[in-house]
Amino acid sequence: MATPRSALQPIRHFILPANPLAVRTVLTDVRKYLTGFGLSGDDKNSVQIVLGEVLNNIVEHACADVGGQIWLDVSVDPEGLACTVQDDGKAMEGGSLPSATAPELGEVTDELPEGGFGWSLIQRLATQIQYFREEERNRLTFTVGFSS
Amino acid sequence: MKLEKEIHGDTTLVTVLENRIDAAVAIQFKDGMREVTETDQARFVIDMANVNFVDSSGLGAIVSVMKMVGTNRKLELAGLTTSVQKVFRLTRMDTVFTIHAHVGEAFEDEIPLN
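From first to last, the protein sequence lines are chains A and B. Going by my numbering, the letters in the first sequence line up with residues 1 to 148, in that order. Going by my numbering, the letters in the second sequence line up with residues 1 to 114, in that order.
These are computed hints drawn from the structure, not numbers from a lab. Quick caveat, the model's predicted, so the values are computed rather than measured. Some hints here could point you the wrong way.
To be verified - Here are the simulated SDA-like cross-link-like pairs (lysine to any residue), alpha carbons at most 20 Å apart as the crow flies:
#	chain 1	residue 1	chain 2	residue 2
1	B	Lys30	A	Thr35
2	B	Lys67	A	Glu104
3	B	Lys30	B	Gln41
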């Protein structure tokens with residue numbers, strides 16, 4: 001029987017080193033954790049897309065060259081998956097979130113952007129996104145909304 | 001990053017044998033596809049039916065393959081799974097690429113052997 005989502009759900013903790021293969025493992029583990037909550041395939045895809053972008057951003061930017069550790073906490077709420085992601089990498093540039101505007105695609109093949117999609121994907125699928133810098137740690141909180 | 005190649009006349013069909021084109025393998029995917037596209041073939045079809053996840057790095061790698069192919073040749077994608085379709089739609093990359101529901105559609109004009 002599926003776990004009712006209206007009941008108060010516990011927080012599930014994950015810890016991983018900041019590298020792409022560890023991110024892959026955690027995404028699979030989160031997907032496994034979400035079975036039994038009655039989520040649609042589309043909602044589970046949204047979670048994977050957002051967490052993949054957030055975690056890989058940490059690997060590629062905050063923890064680039066310095067390595068580091070990532071702490072991921074998730075909790076299933078009625079509206080969505082409430083997430084807290086902490087890392088001990090460098091602070092976000094400018095102290096705030098990057099622009100959410102997706103890169104312009106334009107008409108010319110040679111000028112198609114190859115990057116910059118990550119944050120716009122996060123902004124499209126997650127809400128209540130907040131960034132904090134506290135005591136040498138970055139902390140990002142957000143909710144990946146469920147459509148059902 | 002396992003890519004399987006098949007020649008059909010002047011079209012090269014590339015089947016991606018991995019489940020994910022993501023940050024962990026984006027560079028290997030680009031390198032593999034660079035080898036495939038450094039030929040005289042006029043058209044490339046990438047069968048993505050095995051790929052159940054593409055992130056922004058993977059998307060960027062696929063865009064770079066389109067640039068390798070260039071405007072005088074064709075690059076088409078086939079068999080995008082639901083999660084991958086979602087990423088293409090959200091980034092509007094579904095308007096940039098020719099996408100076939102499945103790889104058979106990319107070869108409908110081929111004369112069948114009797």
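Status of each hint after checking the structure:
For the given pair, Lys30(B) sits about 34 Å from Thr35(A) by alpha-carbon distance, which is inconsistent with the 20 Å threshold. A hinted pair counts as satisfied when its Cα atoms are at most 20 Å apart, and Lys67(B) with Glu104(A) qualifies at roughly 16 Å. Between Lys30(B) and Gln41(B), the direct Cα distance comes to roughly 17 Å. Compliance with the 20 Å bound is thereby established for this hinted pair.
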